[in-house]
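Following the hints, put chain B in place on chain A, whose structure we already have.
Each protein sequence line maps, in turn, to chains A and B. No gaps in the numbering here: position 270 of the first sequence is 270 in the numbering used here, and each next residue is one more. Residues are numbered in the numbering used here as their position in the second sequence, beginning at 1, plus a constant of 1000.
None of these hints come from the bench; they were simulated from the model. Because the structure is a prediction, the values reported are computed rather than measured. One should not assume that every hint holds.
[To be verified] On the chain A side, residues computed to face chain B include the following (Cβ under 10 Å): (1) M158; (2) V216; (3) N258; (4) I347.
[Unchecked claim] Capping the alpha-carbon separation at 20 Å, the derived lysine to aspartate or glutamate pairs in EDC-like fashion look like this: (5) B/K1261 x B/D1246; (6) A/K156 x B/E1353; (7) A/K283 x A/E376; (8) A/K362 x A/E151; (9) B/K1230 x A/E152; (10) A/K145 x B/D1246; (11) B/K1112 x A/D218; (12) A/K231 x B/D1257; (13) A/K362 x B/D1205; (14) B/K1230 x A/E151; (15) B/K1276 x A/E152; (16) A/K156 x B/D1257; (17) B/K1276 x A/D260; (18) A/K231 x B/D1205.
Every residue gets a Cβ at the ideal spot worked out from N, C-alpha and C, and that includes glycine.
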Amino acid sequence: MALSNTTSCVLLEKWCKGKCTFNLLWKLTNALGSTTYRSNNLELSCGFHQANNIKALCYSSRQHRGNHCCNLHSTSKCSSLKRQWKHSLSIALPVFVPSLSYYSIMPTKRKFSTSQKDEPDPSYLEIDPYKLVAEEMEGLANDIKMCLKTEEPLLKTMSHYYFDGKGKTFRPLVSLLMSKACNISSNIGDSVLEKQKTVAIVAEMIHTASLVHDDVIDASDTRRGQSSLNKMYGQRRSILVGDYILSQASIALARTGNPDVITILSSVLGDLVSGEFMQLGSKEDENERFSHYLKKTYKKTASLIANTCKAVAILGQCDEEMSELAYQYGKNLGIAFQLVDDLLDFISSDMVMGKPTAADLKLGLATAPVLFAAQEYPDLHAMIMRRFTEEGDVEQARYFVAKSDGVQQTKLLALQHSKEAIKNVQDFASSDAQRALIHLAKILLERKK
Amino acid sequence: MYSLIYQLRMVSFESATKIVSFTRVYSKSLQTFPKCSSIKFQLNKLSSSSDKFQICKYTFFRDYRVTTNEDKKSVSKAVSDAEKIVGYPTSFLSLRCLLSDELSNIALHMRKLVGTRHPLLKTARGMVFDGKNNLQLRGLLVMLISKAAGPNPQAPYTEQEMISGVYPSQRSLAEITEVIHTASLIHKGVVNLADILPEDGPLSDMEFGNKMAVLSGDYLLSSACIGLAKLGNPLVIEQVASSIGDMMAAEFTPFTDAGGKSTVPESCNSFSDWLKQTHLSFGSLLARSCQSAMTLAGHSEDLGKMAFAFGENTTYAHQLSKDIAAITNQDENPNLRPTSAPVVLYREMASLEEINKMYTFWQEEKINYKKILSALVDSGAVDKCKQLCLQYRNKAISSLDCYTESDAKVALINMVTAVSDVR
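This is chain B alone, in the form it adopts within the complex:
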């Protein structure tokens, strides 16, 4: 186990030395960028936050993205580029935890679950494979924003301690962020034994799956807590712990039922409810981790607030883009839920009659996506959603204004742009 970690470390060091040569190549491919950034700065001076400007800015970044990334690979391209900047592939961030005796013990037992429909299996698979939705983006973003903020003379560490421009404590924080996210996924996958169906698998196996899920999640959470304590900054602990609290609270709002399925309560009528729910379930962790990365390096409170805004707006943009993809991409239709942003927006626009009609489509034996989609598109809810997505993307990008230009900042912008794709 240790040798593997050691090997991984070696890999990371190697890639760190490669960075120098890499950045040279990288900047060549981005030759247009210096020009663009100066344009952006001028634009910034001209206007503060009018809508026109937002659109103007959007086209700028959109074009930029299109020139650097190819269509479908855009996210993975942005990720692999960004990984090189921070030093090593972040997909292995929580590997150290995975290699522990406790979790390998669990992995042995996991065989029993094969054939059942226990959610733990899916989560475990996601941890090992680099699935589409498990790119461990959070950790990467935390490291990138750490690097973008740069060294700080007031930091409790020397600049020499930085590896690839990131303080060791910030690296640990990125790892902790990923571990917490994984732990929350695992714990959310605990099933209510009263509700299981015959096709899910035998009761005893499902119960066993729950046991494993509870233990492995607890293990990850406790190692995250110990890691946080080691950082030695109470403020950071408070921030990260409250984001754990937020993620848990998200499961108790009227938006989620006891089994973890999305529901839409009668009381929810506005988009702000959607924002609140998204903040609790995803935004809080990223926002507070980014903020904590600033705190760890001793940066000013303002910089922390901007990092928080970056994390939050990035999450909104990302979630909106995912919700839109559930409409525009046929394969992802099943991801469309009554709580998806376009549906919530539709509720704001449509009459009560129309809304009720839409919900009947969901209740049909086979969900009638065609009718739901056409209603959403015709009402303009989808367009509104796209608009909002771009707005949040731009908000996220403009919250990076406080940092000087750097390859890390470019990578951040690339990442945000890639994960908030709305085509």
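Same shape as in the complex, but just chain A:
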């Protein structure tokens, strides 16, 4: 579960282009189980069948009309097997490597440009995700404030501070859309159920509580273009107000009375904290760093979105398979969302974001653009290890990232996750909500803040 399918596809391709080490690929397939890559003219899959202890690599290519398959039998993951596998890969791959180029397969440049929209179904474009659930979203801030009712004036001011309607409220948006899509799929009407609305509220509250704590940990003075809580009221009360918001979210959640939903959403809290812990340390091994980063991204961002999607699916009486798809959608969407966030940290200006940019570097965090850039500029590895603490490290790293195609590759990875997300909701009953979910996964890549 550490890596998604799409990520591994990108890495697989990178290996083909000689941009990533074999060790990374090896670890990847072990972690993943199986990988399939499909494009116009080829299909490549490699897998590890635990039961038979067979590592297999299959690829087919339309150009070569036929399937090629290499099976490797082994009883242990010994180095000779590794060598064998590497050998067979190098035999198998050169056949189509020349035709394998991201840029020819995917019209990436157009995808990310704002001036022109790309060609696919115009029907998707008509659905504005925000408009579709505007009614539900409107009352959201007030509903949250109702949850945060307190007699203490200061506590009230502080806990309501971030629920001023200026936030992106991305998480409630996703969960409300998913609620509609699920309800239609399981034939229980197209309106959002009360309990699903509660989940949307709880998601935003958990997110805000974690923001408040993050700002203290990262010593951040601004948030959404205004002073952060810790700047205005001090660290101590900010932390306590975060806990307060969390406790009220738990109360709201408990009132849904659904033990499954409660368990799912409380697991998010564990993920958020362990994500924060993962952020503290970095991996010595260069190859592990990327999977560490993706795991952290899942825990810190995607887990909340994925699990709220799953929760509303369960409340919408979806079966296990559908709930899992909803979960996968949320997970892919969440990872894409964070990847875009990480690259905006490099290309956006302070003004647009409402928070200082290159903030991650300043905090010593190596995000996807840096990790990709490090493959072209190995000098970055040392900086990553010392968490950009030395004089000039941040500027140097920014320079390397700008020179490399790190940003571009991050975009691609985000695109892959967004495509995967779209695939996840493809089989939902066709509805405005479903189309909005698909559209959301697309416009996510174009956001500027």
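Positioned in the frame of chain A, the structure of chain B alone reads:
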């Protein structure tokens, strides 16, 4: 890590088997008790809640305590007795959390804080050592009241699942209660970086200490939430979560300033404000945990309400006794704050002039405890406080009337009596 937990479990099983033999010894030392309890029941029949009766009841329990416990050791004696009843030493309740990878990570980093005055150090020390104020009484009380309530045919578990008379879910709840309490202590120890003094330590270290405090507190809170969810009872989650909310709200009342120091607002004039503050900061957690223990076993709502009252009144009695100790025990004088119960009571009795005079003592370079104490004692505020303490103790004890006599109930009474000592 796992082997250690395993060992601890083994210890708990061993002590569970020892209980049988232990209770025999225990009841021998308490031979007088059956008599006493019958007296108490008769008294109960005679009168409901008149003051005279309260005093009468008080002497009864007080004598009882004196016969079973020796002076200073009374609390630890009551605790160790009670621990044997519920099966294992509860001081290790939150050990499972302490042994996690996340917190051991923090412990490694903690070295950086040595030499600074970051409150996290003190809290951490309290978690490892069994300090005077860190006996993890809450968890123990939750388990004892669970046992006192006994098995319930309507419970979602069978009686066979009980270990030493406590359902596994109630045991988890006791653990969660302790974890929440610890988490709140840690988070309350976050310092405002704008207010730190040079002698506290370098700014960077204090900032680092804050980071560690936030993360470890968050870790504990999230494991508490996951544990609560596992209990599978939404009502319990609601109760416990609202007690977390109460504890946080307590830090935003006019009684506490931004740095967490006690202050007395102009508006506060009555003892009921003190009660409210004590309820929010300590009472709520214990009261709702006790109530939740009843909910988990499927006991009636009335039993839950009584358990709530027990937890709440025990907290009041305990807090009053601590506030009194700050006056009667010289070593603990620094614990006397403008928000201590005797001072609040003094405000009710004294004239504005006298009150202002008292506050000037606090503002002096070296706080003049002698003058404060004499003013408090002379006004009768301390005596009033003692009286109130005993009243709350008795209220707590009488809320146990709904349970049949058992060694768990005896232990509960012992505990309450020990923690509300007013001499």
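Now the hints, each set against the structure:
1. M158: At 8 Å from the nearest chain B Cβ, A/M158 passes the 10 Å test, so the hint holds.
2. V216: The hint holds - A/V216 has a Cβ within 10 Å of chain B, the shortest such distance being about 6 Å.
3. N258: holds, 8 Å
4. I347: violated, 29 Å
5. B/K1261 x B/D1246: Holds: B/K1261 and B/D1246 sit about 18 Å apart, inside 20 Å.
6. A/K156 x B/E1353: Outside the cut-off at roughly 35 Å; violated.
7. A/K283 x A/E376: holds, 19 Å
8. A/K362 x A/E151: violated, 40 Å
9. B/K1230 x A/E152: At roughly 32 Å apart (the allowed maximum being 20 Å), A/E152 and B/K1230 break the hint.
10. A/K145 x B/D1246: holds, 17 Å
11. B/K1112 x A/D218: holds, 18 Å
12. A/K231 x B/D1257: Within the cut-off at roughly 17 Å; holds.
13. A/K362 x B/D1205: holds, 18 Å
14. B/K1230 x A/E151: Violated. B/K1230 to A/E151 sits at ~31 Å, over the 20 Å cutoff.
15. B/K1276 x A/E152: holds, 12 Å
16. A/K156 x B/D1257: Status holds; Cα separation ~16 Å.
17. B/K1276 x A/D260: Violated, because 35 Å separates the two Cα atoms, which is more than 20 Å.
18. A/K231 x B/D1205: Between A/K231 and B/D1205 the Cα gap is close to 19 Å, so the pair holds against 20 Å.
Consistency note: the structure conflicts with the earlier hints numbered 4, 6, 8, 9, 14 and 17.
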